[in-house]
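Colleague: Here is how the chains run, residue by residue.
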Amino acid sequence: MSHDFERVSQVSSRDLGSRIAFLRLLHIDLWLFIPLVLLSMAGLVVLYSASGQSEPMMTAQIRNLFVAFAVLLTTAQLRMETLKLISPYVFALGLLLLVGVAFFGVGAKGAQRWLSLGFIRFQPSEIMKVAMPLAVAWWLSKKALPPTAKSMLVAAMMVALPSFLILRQPDLGTSLLVASSGLAVIYMAGIQWRYILSLILVALLSIWPAWVFVLKDYQKQRVLTLFNPESDRLGAGWNIIQSKTAIGSGGWEGLGWMQGSQAQLDFLPEGHTDFIIAVLAEEFGFRGVSLLFIFYAAILFRGLIICWHAQSSFARLLAGGLITTFFFGLVVNLGMVSGLLPVVGVPLPMVSYGGTAMVSMMVAFGMLMAISTEKPVTRAMR
Amino acid sequence: MARQLNQMQDWARETRLTHARIVVLAMLMLLVMVGLLYRYFYLQIIQNETFRAQSDRNRIAVRAVAPTRGVIVDREGRLLAENLPSFTLALTPERVSNLDETLAELRELLKLTEDDIALFSETRRRTRPLSPVPLKYRLSESERALLAVNKHRFEGMSILTELTRHYPEGALLGHTVGYVGRIGKDDIAAADTEQYRGITHIGKVGLEAYYETVLRGELGVSQIETNARGVDLRVVDRIEPTPGAQLRLHLDAELQRIAAEALGDMRGAVVAIDTRSGGVLAAYSNPGYDPNKFVNGISFGDYALLRDSRDAPLLNRVIQGQYPPASTVKPMLGLAGLNRGVIDAETLIADPGYYTLRGDKRRYRDWILRIRGTGHADFMNLRDSIAQSCDVYFYELANRLGIDALSESLYDFGIGSPTGIDLPSEKRGILPSAEWKRETIGSSWYGGETLIVGIGQGYMLATPLQLAVATSALAMRGTAYKPHLVASIAGEAVIPEPLLSISAPTEYWDEVFAGMVDTVFAPRGTAAGMRRGLEYTVAGKTGTAQVVGIAQDATYDEESLSEYQRNHGWFIAFAPVESPQIAIAVLTENGGGGSTAYPVARSMLDYWMTHHES
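In order, the protein sequence lines correspond to chains A and B.
Position 31 of the first sequence, counting from 1, maps to 67 under the working numbering, and the rest follow consecutively.
Position 387 of the second sequence, counting from 1, maps to 1428 under the working numbering, and the rest follow consecutively.
A couple of the hints might just be wrong.
Claimed, not checked - 20 angstroms max Cα-Cα, derived DMTMM-like pairs, lysine to aspartate or glutamate:
(1) K1192(B) / E1142(B)
(2) K179(A) / D1051(B)
(3) K186(A) / E1055(B)
(4) K178(A) / E1184(B)
(5) K179(A) / E1055(B)
(6) K1152(B) / E1184(B)
(7) K178(A) / D1051(B)
Unchecked claim - Label-pair restraints from in silico Cβ distances:
(8) L327(A) / P1126(B): 51 to 59 angstroms
(9) W247(A) / E1149(B): 55 to 63 angstroms
(10) Y125(A) / E1135(B): 48 to 56 angstroms
(11) R1093(B) / L327(A): 17 to 25 angstroms
(12) G1197(B) / A128(A): 54 to 62 angstroms
Said to hold, decoys possible - Stretches of chain B that chain A covers, calculated by requiring three or more beta carbons in the stretch to come under 8 angstroms of a beta carbon on chain A:
(13) 1077–1091
(14) 1157–1168
(15) 1254–1268
If you are wondering where the hints come from, they were derived from the structure by calculation, not from laboratory data.
A virtual CB, placed ideally from N, CA and C, is assigned to each residue, including glycine.
Bound-form chain A, shown alone (with noise of 0.2 angstroms):
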């Protein structure tokens, strides 16, 4: 059994990354680093043509850049032991803040989603993205896998509390973001297929109900839309049409940086938020969405690959979550703004402007690297 150890260990230290001293002590891995870097530059790119070019806006993006590579590089840092042994508590704290928010929170349009504390404001749900993978894989990986029916349904659980909560604010995006954070960790540890497929089916069971008695107006509308945006035009419509016509418009070459009239002339709504996408997609074309695509696939293959070298199955869970709920991010924005999925506020992952969802996103990275650049098992074991 040793030779398998032997080979885990070959392969690490044949991983590049590992190879570099400097990078090694400061737990970065490139493969992931490079994408990163790369994206935020493009971000940055696109950013300044959809902000109209706006300095306060690019400044204050910047610095949310260097904080959030700062976040990324501390928590990258961290021992896989201190991850496990915090994560109840970082779950306990969360939930905490999110009961607080349903009873203290402030909010703006109709949502309650902030938690105010004098000096700053935060969203919980926001930590919600990272804890609820680090307390769920930190559950599973207690005992043997594949779990058990008993601690499936406390998984369960602690997937359908924190949602529902964010869910009430209303949040319905990073309410599906959290929920698949979690489930994505309990698909790691092995449920078994026919468990996965019965939920699936209850999921479509329950959509009427959900219609009926779930989900706002605003929300159905948004559903609504999504399968006839021309009955609505100048209503909620008008994001889907502007967000199409914007991408189509695009072609192969785009049509130049900072020449797309539909982001520039202010038709397109949320152009530097969560529909920055359609941006890019207009000045830089065809060609410019696919290689926003290289990155991000590059990102979720070594994303992959950090969760297959994992050396334990706790870092395995955890990895497997952080980059399933990266990539279900990515998917809806990418789905809502070319208008395949109803609008729900999510960003586009590293070149929305915004500080917070990248934030919490670094997070979920810097752990991805804890894990990629943790010392070999064999060492340790021997």
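Chain A is already provided as a structure; the job is to place chain B on it using the hints.
Modeller: Chain B alone, transformed into the frame defined by chain A:
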């Protein structure tokens, strides 16, 4: 060791399990990413043209650029219809913080009415966002000064400058030049709406209506890039509009003014025609109206006043007033008598002051009977009968001609037919005949009616313009052109079109002319009152048209009749007789008789003969 081995076995099993999950996850990710990438490929490459077009529709607003309307000038180049800058007060509602308050203050300042405010709200609904909405048109000098001083008080206020139609001569040419007004729902046919995008006014009356397509010009197109809020950013492309053509009239505004002044307060109509071309030198109908009032919407009160007035100021009497031509037809009938051989120059007819038909006890009276108690003379020839307007002579002539020949002869002079002048809504008058009576009244013609037609009364009606054209035909010995106001369109001359053609031997025309010259120059001529100081030759004919029928034995007593029942006065004339240039018809509505009409013609002829003799 066993525990460690067990742990290692667990670890390996779990690794295999999660690796299997990763493989499935990786495949799912690949599938979804490829699917999403295809979605972008589909939108950007396959649907590219559709969305490019959609994007252009978003971005580019196509605006019509209104052409400048052609001006109208008289024969001397005097402006009759021009485009003047006019100042409009407008508010951009989005830039006003408190619209109600601002409106209230402006209302106070400019004495705006409830209607103005209501119209503003109405216009606002039809205006694109962030565009100025007109609040008050045609600001006066003092209003503009007032606004300039108070400008700081009103944010979002702007003064727009646009070209507005203006008629410097006002009421003098109201009927003839007409006016433009704001385009209403019924003004343009659906097919034409394209032509009127961006144009606010359309010709409604007179030349403005008749030459609408010529005056209007052709629209230009401006492609403007706008942003999502509809704010104009830059002009992408622009095709300049083609301005409307200038109309130069035959009309002489000075002659028109003289006609108007000579007519004074009298209701009536005056037409002067250049006999050599059919060009209309003057066309005046009194009372008139100021066309400027209509341009940006006449108030309801002002319009009601015009519409309901008994003096019918909206009626253009020149082409729409229909009156019995009375004795003015006598020269025409005299010519017809000669031409058809029922009389000659020497034919003498006894005039006892009345005329009777064989087997009819009714006496057809001569107008002179009431004045002198006797006829004009024992025997009358054609020349004297024209000059003295002897009714009995023409009763006999009419009787000899019979209704058919009589009707045909007057038809040749254009009575009862539209002249085809370049004005809308011309009336045709009535030329009675036996056939006409059968068709419209449904009874047969009887002989006495022929006599009445012989002195231009009865069923017969003619417009002043028709009589001017007939006079022109007399002057030119049988040839008359279609009356035309416009001499040239954008510098291109309008070619005269022949309208009437009557052939008769020269001596017949001479005989009729002699009678018409005597009308003015012979002591007993009915227009002898105008001959003093005449320095040129004039041929004329008076007419007195009865408005109410006078019973067999009753007498016409002007004093006892209300103003509107008095006789109409006519005078037709041409000059100079040797080589005629100008033919005039004057009608004085309820003026009493021809003596109220010929002074008008004299003033006009004096002006014409001193200014235009060529």
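Colleague: With reference to the structure, classify each hint as holding or not holding.
Modeller: Status of the hints after comparison with the structure:
{"no.": "1", "hint": "K1192(B) / E1142(B)", "verdict": "holds (15 angstroms)"}
{"no.": "2", "hint": "K179(A) / D1051(B)", "verdict": "holds (10 angstroms)"}
{"no.": "3", "hint": "K186(A) / E1055(B)", "verdict": "holds (19 angstroms)"}
{"no.": "4", "hint": "K178(A) / E1184(B)", "verdict": "violated (87 angstroms)"}
{"no.": "5", "hint": "K179(A) / E1055(B)", "verdict": "holds (11 angstroms)"}
{"no.": "6", "hint": "K1152(B) / E1184(B)", "verdict": "holds (10 angstroms)"}
{"no.": "7", "hint": "K178(A) / D1051(B)", "verdict": "holds (12 angstroms)"}
{"no.": "8", "hint": "L327(A) / P1126(B): 51 to 59 angstroms", "verdict": "holds (57 angstroms)"}
{"no.": "9", "hint": "W247(A) / E1149(B): 55 to 63 angstroms", "verdict": "holds (56 angstroms)"}
{"no.": "10", "hint": "Y125(A) / E1135(B): 48 to 56 angstroms", "verdict": "holds (53 angstroms)"}
{"no.": "11", "hint": "R1093(B) / L327(A): 17 to 25 angstroms", "verdict": "holds (22 angstroms)"}
{"no.": "12", "hint": "G1197(B) / A128(A): 54 to 62 angstroms", "verdict": "holds (57 angstroms)"}
{"no.": "13", "hint": "1077–1091", "verdict": "holds (count 11)"}
{"no.": "14", "hint": "1157–1168", "verdict": "violated (count 0)"}
{"no.": "15", "hint": "1254–1268", "verdict": "holds (count 3)"}
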